[in-house]
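Q: Hey, can you work out the whole structure from these sequences and the hints?
These protein sequences, in sequence, are chains A and B.
Just so we're aligned: 152 in our numbering is position 153 of the first sequence, and the numbers increase by one with no gaps anywhere.
Add 151 to a position in the second sequence, counting from 1, and you land on the number used in our numbering.
There could be a bad hint or two in this list.
Taking lysine-lysine pairs in the DSBU-like style, the calculated list, with each CA pair at most 30 Å apart, reads [stated by the list, open to error]:
{"id": "1", "chain 1": "A", "residue 1": "Lys122", "chain 2": "B", "residue 2": "Lys197"}
{"id": "2", "chain 1": "B", "residue 1": "Lys197", "chain 2": "B", "residue 2": "Lys266"}
{"id": "3", "chain 1": "A", "residue 1": "Lys158", "chain 2": "B", "residue 2": "Lys240"}
{"id": "4", "chain 1": "A", "residue 1": "Lys54", "chain 2": "A", "residue 2": "Lys21"}
{"id": "5", "chain 1": "A", "residue 1": "Lys119", "chain 2": "B", "residue 2": "Lys208"}
{"id": "6", "chain 1": "B", "residue 1": "Lys266", "chain 2": "A", "residue 2": "Lys158"}
{"id": "7", "chain 1": "A", "residue 1": "Lys137", "chain 2": "B", "residue 2": "Lys210"}
{"id": "8", "chain 1": "B", "residue 1": "Lys173", "chain 2": "A", "residue 2": "Lys119"}
{"id": "9", "chain 1": "A", "residue 1": "Lys137", "chain 2": "B", "residue 2": "Lys173"}
{"id": "10", "chain 1": "A", "residue 1": "Lys122", "chain 2": "B", "residue 2": "Lys210"}
Derived CB-CB ranges, DEER-like [said to hold, decoys possible]:
{"id": "11", "chain 1": "B", "residue 1": "His277", "chain 2": "A", "residue 2": "Leu155", "range": "29 to 35 Å"}
{"id": "12", "chain 1": "A", "residue 1": "Ser102", "chain 2": "B", "residue 2": "Ile203", "range": "44 to 50 Å"}
{"id": "13", "chain 1": "B", "residue 1": "Gly230", "chain 2": "A", "residue 2": "Leu154", "range": "44 to 50 Å"}
Since the hints were made in silico from the structure, they are not lab data.
Yeah, the Cβ is synthetic: ideal placement off N, Cα and C, and Gly gets one too.
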Amino acid sequence: MIELDLPKIKSLLSTNYFVLFKLDAIFDIDQNILYNKYLNLQKQFHPDNFINTTKELKLLVISLSAHINSGYTTLKNPLSRALLLLELNGIKLNLSRDTALPSSFLLEQMELHEAIDDAKSTKNVFLLENIQLQLKEKEFLLINKINKLFNQGDLLEIKELIKKLTFYDRLNDTILLAFEHI
Amino acid sequence: MAYSQKVIDHYEEPRNVGALDKNDPNVGTGMVGAPACGDVMKLQIKVNEGGIIEDAKFKTYGCGSAIASSSLVTEWLKGKSLDEAQQIKNSQIAEELELPPVKIHCSVLAEDAIKAAIADLKHKKHQA
Numbered sequence: 000m001i002e003l004d005l006p007k008i009k010s011l012l013s014t015n016y017f018v019l020f021k022l023d024a025i026f027d028i029d030q031n032i033l034y035n036k037y038l039n040l041q042k043q044f045h046p047d048n049f050i051n052t053t054k055e056l057k058l059l060v061i062s063l064s065a066h067i068n069s070g071y072t073t074l075k076n077p078l079s080r081a082l083l084l085l086e087l088n089g090i091k092l093n094l095s096r097d098t099a100l101p102s103s104f105l106l107e108q109m110e111l112h113e114a115i116d117d118a119k120s121t122k123n124v125f126l127l128e129n130i131q132l133q134l135k136e137k138e139f140l141l142i143n144k145i146n147k148l149f150n151q152g153d154l155l156e157i158k159e160l161i162k163k164l165t166f167y168d169r170l171n172d173t174i175l176l177a178f179e180h181i
Numbered sequence: 152m153a154y155s156q157k158v159i160d161h162y163e164e165p166r167n168v169g170a171l172d173k174n175d176p177n178v179g180t181g182m183v184g185a186p187a188c189g190d191v192m193k194l195q196i197k198v199n200e201g202g203i204i205e206d207a208k209f210k211t212y213g214c215g216s217a218i219a220s221s222s223l224v225t226e227w228l229k230g231k232s233l234d235e236a237q238q239i240k241n242s243q244i245a246e247e248l249e250l251p252p253v254k255i256h257c258s259v260l261a262e263d264a265i266k267a268a269i270a271d272l273k274h275k276k277h278q279a
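A: Structure representation (structure tokens):
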């Protein structure tokens with residue numbers, strides 16, 4: 000049984016995810032360390048450990064458990080991790096009116112979507128896996144560039160790259176959905 | 152979030168899906184993307200000798216609202232002059248499709264696609 004008071008849990012609920020996971024607020028984080036910290040936090044604050052407490056504390060622990068989950072999801076994904084880091088540095092991206100992108104990039108996006116469509120309609124798992132691999136490579140290169148810019152502290156330059164990462168993120172989801180349909 | 156009947160209508164039966172010959176001097180191609188969600192949209196217009204848009208096609212990879220927005224504007228574009236087409240505002244698209252605030256960026260995408268297609272066409276004509 001862990002001794003925990005209300006103010007402590009409340010303060011944990013409002014800490015940012017890097018602090019919650021006791022990680023340095025940097026982009027280049029070790030996924031294994033992140034995962035282990037996640038398991039430990041979930042174990043420590045598992046609602047089962049708080050059976051003999053007040054109703055108020057029980058409810059807070061459930062919220063904390065959800066906070067830990069969303070923290071893990073946010074830190075694990077490079078896009079949401081980058082956005083969080085920028086936000087902590089006072090940079091809020093407003094991307095909704097930002098529709099002009101290099102035409103070569105948009106063309107590549109169209110072609111990737113079309114290829115996924117083809118693979119889906121012909122039920123070609125091999126082709127779909129191939130596209131997924133291509134995408135992983137592109138994403139890997141992009142993430143490396145973003146990491147470099149974070150290390151250099153070039154936060155404004157990162158914006159253009161993050162825009163591209165959103166599109167790759169979306170393609171990843173589309174591919175996963177396509178696999179389900181094959 | 153519920154889609155309006157008009158969005159569902161365009162989503163289920165999109166108008167003017169397809170492509171025009173991008174090398175045709177009378178065809179303008181606009182390609183835009185929404186970094187907020189990863190949607191991509193291609194819109195093409197073809198003008199006749201009088202400068203009136205006689206055909207419009209689109210291809211959109213995105214949510215229902217993005218598909219409906221592009222489908223709707225291809226209908227609106229036909230028969231319009233380039234100047235008239237330039238006047239189409241995202242607020243009109245959002246109003247017609249009854250888009251909720253979180254989907255306004257889909258109508259922005261369609262407006263920007265029109266402007267990009269017109270710019271491409273003007274660029275071609277200027278070079279010719």
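Q: Indicate, hint by hint, whether the structure satisfies it.
A: Hints, one by one, checked against the model:
1. A/Lys122 / B/Lys197: Cα-Cα ~35 Å, so violated.
2. B/Lys197 / B/Lys266: Holds, at about 14 Å.
3. A/Lys158 / B/Lys240: Roughly 27 Å separates the two Cα atoms, so the pair holds.
4. A/Lys54 / A/Lys21: The hint holds at about 28 Å.
5. A/Lys119 / B/Lys208: Since the Cα atoms of lysine 119 of chain A and lysine 208 of chain B sit roughly 23 Å apart, the hinted pair holds (cutoff 30 Å).
6. B/Lys266 / A/Lys158: The hint holds at about 24 Å.
7. A/Lys137 / B/Lys210: Satisfied, since the Cα-Cα distance of roughly 24 Å is no more than 30 Å.
8. B/Lys173 / A/Lys119: 26 Å, holds
9. A/Lys137 / B/Lys173: 27 Å, holds
10. A/Lys122 / B/Lys210: Between lysine 122 of chain A and lysine 210 of chain B the Cα gap is close to 22 Å, so the pair holds against 30 Å.
11. B/His277 / A/Leu155: 29 to 35 Å: The hint (29 to 35 Å, Cβ to Cβ) holds, given that histidine 277 of chain B and leucine 155 of chain A are roughly 33 Å apart.
12. A/Ser102 / B/Ile203: 44 to 50 Å: Violated, since serine 102 of chain A and isoleucine 203 of chain B (Cβ atoms, about 26 Å apart) do not stay within the stated range.
13. B/Gly230 / A/Leu154: 44 to 50 Å: 48 Å, holds
When the structure is compared with the earlier hints, violations turn up for hints 1 and 12 and for no others.
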